[in-house]
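Peer 1: Sequence:
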Amino acid sequence: MVVPFSLSHCRVARVGALAVCAGFAANTQAGGFFEDSSAKLEARTVYFNRDFRDGSSSSPQGASKREETAEGFILNVQSGYTEGTVGFGLDALGMLGIKLDSSPADSNSGLMPSTGHDPRRSKDQYAKFGLTAKMRVSETVLKYGALLPDLPLLKYNDGRLLPNMFNGAMLVSQEIKDLTFTASRLNRYTARDSSDSQDLRLNCKNKRYACDITADHFTLYGLDYKVNDRLTAQYQYGELEDIYRQHFVGLLANQPIGPGVLAADVRLLKSDNAGSAKASTIDNRALGALLTYSLGGHKFGVGGQRMNGETSMPYLDGSNPYLVNYLQVNDFANAQERSWQLRYDYDFKAVGVKGLTFMTRYVNGDHINVKGRDGEGKEWERDSELKYVVQGGTFKDLSFRLRNATYRTNYSKFARDVDETRLIVSYNLSIF
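First residue of the sequence shown? That's 1 in UniProt numbering, and the numbers climb one at a time after it.
Just so you know, these hints were derived from the structure itself, not from any lab. From a predicted model like this one, the values you see are computed outputs, not experimental measurements. Ideal Cβ placement from N, Cα and C applies to all residues, glycine included. Treat the hints loosely; a few may be bogus.
Computed Cβ-Cβ distance ranges for the label pairs, DEER-style [to be verified]: (1) 38 with 118: 39 to 49 Å; (2) 399 with 139: 29 to 39 Å; (3) 38 with 86: 19 to 29 Å; (4) 45 with 179: 37 to 47 Å; (5) 103 with 32: 43 to 53 Å; (6) 295 with 428: 23 to 33 Å; (7) 187 with 431: 24 to 34 Å.
Construct the entire structure; sequences and hints are all you get.
Peer 2: Below you can see the structure in the form of structure tokens.
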């Protein structure tokens, strides 16, 4: 269950609010339930700057950029299981966001929610809290409540200050060696910049679909089979009630070649209408593949992605689409779009600097069928990321992450040229 609340309604200190969540595990009973419990706190500071290069804006405040800084805290408390054939447990997830810097002209960055009476102003703080009941039998676990799913057809979004949360049930079974069965049914979600849960809905990026299409629930079934240490096969089926159904087939493989290792990530998604088809026509087949060759500290990647069918690829709002060309700003999932990727990673551990990594990638898309526009739509994006994680001492695991993206398109009626910078400073603390 997800329990939204506002700190303005309770007279507690900010740190005290987190302590209340931590106290949940301190009062648990002895035994496996207590001995296997853990509590981790992540504190993250996020600076977000998105500069719209067209100089105009479709945002409520008429600004040409979005720029805010905020501090976030994420407390994750997980219990063990009670003893016996059937074990029971309870997890808690508490999140707090605090505004550090924001102006009415540059708000709506996705870090903080807006005040109810003025969409141009961000709230000073917001919070959300979720409980998850769980049950374990042998190698099968059933959870109900607040979930952070990380699956091909259901990946929670953590691209701003605080992640979003889904509410529902999820079963994961590993009774058969090398085979994992997953089933889930969700009915609500809480957006990354909100305290309130809401109905599940279809993502409407670039106005591909109407933004008011909601559903009662989302169901998912999946199988992952580890053929051997070098090959894993995946299948999932997902359905957003009366909107779309989706099949996913994936292959993950790696093979030593010469002095390095070649890895392949192949993804096929087929989407069409479900039930009463609230979104009208949905017809998409997305095929993507990414090949990566690792050699020492270097990693070289090349990928391709193609959209077939009449429409763009649908996915659940609040989730990340499982596409090889899903980047920092764009997803390259428009109707009939073809895109290719070049990527390079480097781990400075190879030259004695542990904890320092670098990544850059470029994706170019064309053949886009854009509603209301004559001619071929085109777009491209270039991303770079530099990250450092402190390796020891008092501040071990403190990380600094600088992300930069440039996005350009010729269908500005629905998408906008962007220069974007994100700076994330994160510290993870194990409480027990």
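Peer 1: Could you run down the list of hints and mark each one as holding or not?
Peer 2: Hints, verified against the model:
1. A hinted range of 39 to 49 Å for the beta carbons of residue 38 and residue 118 is consistent with their spacing of about 41 Å.
2. Separated by about 33 Å at the C-beta atoms, residue 399 and residue 139 satisfy the suggested range of 29 to 39 Å.
3. For the hinted restraint 19 to 29 Å between residue 38 and residue 86, the CB-CB distance of approximately 22 Å keeps it satisfied.
4. Between residue 45 and residue 179, the C-beta spacing of about 42 Å keeps the proposed range 37 to 47 Å intact.
5. Look at residue 103 against residue 32: about 51 Å separates their beta carbons, and that is inside 43 to 53 Å.
6. About 30 Å separates the C-beta atoms of residue 295 and residue 428, a value consistent with the hinted range of 23 to 33 Å.
7. Checked against the given bound of 24 to 34 Å, the beta carbons of residue 187 and residue 431, roughly 31 Å apart, stay inside it.
Checked against the numbered hints listed earlier, the structure breaks none of them; every hint is satisfied.
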